[in-house]
Amino acid sequence: MSNSALEVKGLSKSYGEKSVLKDLSFSAALNDFSVICGKPGNGKSVLVRTIMGLEEIDSGQIIVRDQDVTNANSGSRNIGYIPQSFALYPHFSVRENIEYPLDLINATKEEKVEAVARVSELLKIADLLEKKPVQLSGGQKQRVAIARGLSKSTDVYVLDDPLVGLDFKLRERLIDDLRQTQEKLKVAFVYVTSDPLEALQLAKTVLILADGKIVQQSNLNEVYDNPSHLSSMATLGFPEVNVFSGEMNGSTFSSSVFKVGTDIKSDYKGAIAGIRPEGVLIGSQPGSITIDAKLTLMENLGSEFVAYLDVKGVQISTVVSRTDLVGIKLLESKDLKISIKAEAITLFDAISKKKIGKGVSLV
Amino acid sequence: MSIATTMTPSRKKGPISLLTMLCWSTAILFFLPIAWIIATALKPKNTVLDIPPKFFFMPTFQNLLDAINFSNTLAYFVHSLIYSFTSVFLAIFVSFLAAYSFSRFKPAGTEFLMFLLLSTRFVPAAAFVIPFFQLFNLLQLKDSFLGLIIFYTMFSIPFSVWILKGFIDGVSTKFDETGMVYGATRSHIMFKVILPQVRSGLVAAFVFNIIFVWNEFLFNFQLGGLKTYGIPVGLFTSITKGGQVDWSFVASIGTLYVLPLALVIFFFQKYLLVGLTFGTVRGEV
Numbered sequence: 001m002s003n004s005a006l007e008v009k010g011l012s013k014s015y016g017e018k019s020v021l022k023d024l025s026f027s028a029a030l031n032d033f034s035v036i037c038g039k040p041g042n043g044k045s046v047l048v049r050t051i052m053g054l055e056e057i058d059s060g061q062i063i064v065r066d067q068d069v070t071n072a073n074s075g076s077r078n079i080g081y082i083p084q085s086f087a088l089y090p091h092f093s094v095r096e097n098i099e100y101p102l103d104l105i106n107a108t109k110e111e112k113v114e115a116v117a118r119v120s121e122l123l124k125i126a127d128l129l130e131k132k133p134v135q136l137s138g139g140q141k142q143r144v145a146i147a148r149g150l151s152k153s154t155d156v157y158v159l160d161d162p163l164v165g166l167d168f169k170l171r172e173r174l175i176d177d178l179r180q181t182q183e184k185l186k187v188a189f190v191y192v193t194s195d196p197l198e199a200l201q202l203a204k205t206v207l208i209l210a211d212g213k214i215v216q217q218s219n220l221n222e223v224y225d226n227p228s229h230l231s232s233m234a235t236l237g238f239p240e241v242n243v244f245s246g247e248m249n250g251s252t253f254s255s256s257v258f259k260v261g262t263d264i265k266s267d268y269k270g271a272i273a274g275i276r277p278e279g280v281l282i283g284s285q286p287g288s289i290t291i292d293a294k295l296t297l298m299e300n301l302g303s304e305f306v307a308y309l310d311v312k313g314v315q316i317s318t319v320v321s322r323t324d325l326v327g328i329k330l331l332e333s334k335d336l337k338i339s340i341k342a343e344a345i346t347l348f349d350a351i352s353k354k355k356i357g358k359g360v361s362l363v
Numbered sequence: 364m365s366i367a368t369t370m371t372p373s374r375k376k377g378p379i380s381l382l383t384m385l386c387w388s389t390a391i392l393f394f395l396p397i398a399w400i401i402a403t404a405l406k407p408k409n410t411v412l413d414i415p416p417k418f419f420f421m422p423t424f425q426n427l428l429d430a431i432n433f434s435n436t437l438a439y440f441v442h443s444l445i446y447s448f449t450s451v452f453l454a455i456f457v458s459f460l461a462a463y464s465f466s467r468f469k470p471a472g473t474e475f476l477m478f479l480l481l482s483t484r485f486v487p488a489a490a491f492v493i494p495f496f497q498l499f500n501l502l503q504l505k506d507s508f509l510g511l512i513i514f515y516t517m518f519s520i521p522f523s524v525w526i527l528k529g530f531i532d533g534v535s536t537k538f539d540e541t542g543m544v545y546g547a548t549r550s551h552i553m554f555k556v557i558l559p560q561v562r563s564g565l566v567a568a569f570v571f572n573i574i575f576v577w578n579e580f581l582f583n584f585q586l587g588g589l590k591t592y593g594i595p596v597g598l599f600t601s602i603t604k605g606g607q608v609d610w611s612f613v614a615s616i617g618t619l620y621v622l623p624l625a626l627v628i629f630f631f632q633k634y635l636l637v638g639l640t641f642g643t644v645r646g647e648v
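Quick note, the sequences are listed as chains A and S, same order.
Here the first sequence stands for residues 1 to 363, numbered as in the numbering used here.
Here the second sequence stands for residues 364 to 648, numbered as in the numbering used here.
Chain A extracted, bound-state conformation (with noise of 0.2 Å):
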């Protein structure tokens, strides 16, 4: 038996001319946390229905746990399923919520006593059993629903966005909570979210979900440093990554911004660079591509500000620590210098976005 507890093989799905899902492949292992994470429109709820069989396929293989799944009703895939809306049954209380998934399978009153105090415990709502849905506040019916999806016993777990439309304070404390439910239950969480932050709060793994495909998957720490397609490193991250279309001269990228040598041998014309907000610098600095910027706004995020800028015509953004305060002296001033190290830079083909080198020296 392999590692992986839910492998996507070649997955296709149209809406007639709209095609959602193109030949898509991913695998998901036991003992990980991964996160599939795409910008709205790309294919998210597609694919989490097709896994969960409420959506029939065009072609392509859906396996859990080495079992060929593709054709098998919803029910009998047994994956442990948290929607997206809590969908919680308001006419059952928490603990009859809690036990449905085990009613459906004929569980026997110790096992559905076990498996309500587990999950109860591991997501702090004992005191809640007795209450109907209604009688909850929005944390309280997530932290519900999630216990109601964690109650079956199964090493697979897809979890839609389960903290969209929740505040912020109670996302950061969820978050913490499934984080610490999957390294205690050691099973394969797929969990699927457009929010950059919660991807880099929550993954082990990271699967970056573009045009209806996967473009990259691999550790966390992996697709953020090294990105191998435009996608990855404009849906991971805030804010958005700076892109700057150019096209290349032998080694040379040059854009209506800066020039920067790079390490790529072979001929592309068109050419994108993009630069994480990170990589851009208030200030003159040594050994770094100089350029005349406007400010344009500025955006206290408490510790930080992001600054968001003017250069030749292109919007980009920085971050400015509070703490930096040259930084954010130089930022008073609304036209001043920004700085870009050529190693910051990575490069991508114009038309397949995938990335074709990184920058290595000013020119």
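Source of the hints: derived by calculation from the structure; they are not laboratory data.
This structure is a prediction, so every number in the text was calculated from the model and none was measured.
Rough simulated footprint, nothing fancy, chain S against chain A, three-plus residues with beta-carbon under 8 Å:
1. 50-62
2. 70-76
3. 88-97
Ideal Cβ placement from N, Cα and C applies to all residues, glycine included.
Could you slot chain S onto chain A? The hints should help.
Using the frame of chain A, we list chain S on its own:
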């Protein structure tokens, strides 16, 4: 703050009182015929036709007892109960299945099918009487409970489907899908997950249809017979006694006739508003 809280009610008090009085007056005006029937049923026989009418009198239950004991009254009452309640329960069961299918599977042309369903109620009842009379004769369903139950079930289904579809549309498909993922069958989802959430709709559909079937006269008269006549027909055929109208008897039967329906409506009136809006104000209940 305290000024605002004390002033607000006093500012509103005048117009609200006037409006309330107007509402009560209108309600009483509408209730007057029923009150008159009940009062007549409780009046001693010799004071019923007094002019001016007596508003204060010693109530008597003798008229009601006489009406109950009169030949077929009790039988008519039982007949009404049998065909009304059975057909409406059946109609609601069938309508729930249909409404669930329309709501969840959305077969091609759902909207047109829903229109067709209700269109059966557009045609005046009189236009159906003769064809149904012939059909029931042919099928030997005339003067049988089976025939009346089939007829009233069929007549109650369209409106019930409309009401229930509105309610089921309001229940997210996420509930169905969550159940399916956990291994529930479709029938389990329908009856254990969705049905309890559209209880208001079921009651609303029940109330509307029971009012219709309980009051229905024409088809009961044409398709029924001595073995199946309900109270409306019973009242019509017994209205004259000894060559003249016995108003005490009419009022007593009327009172008995209104009573079950009045109780149903009194206890479930909050669902009527919900039903009238096809579930859109479901949350108010």
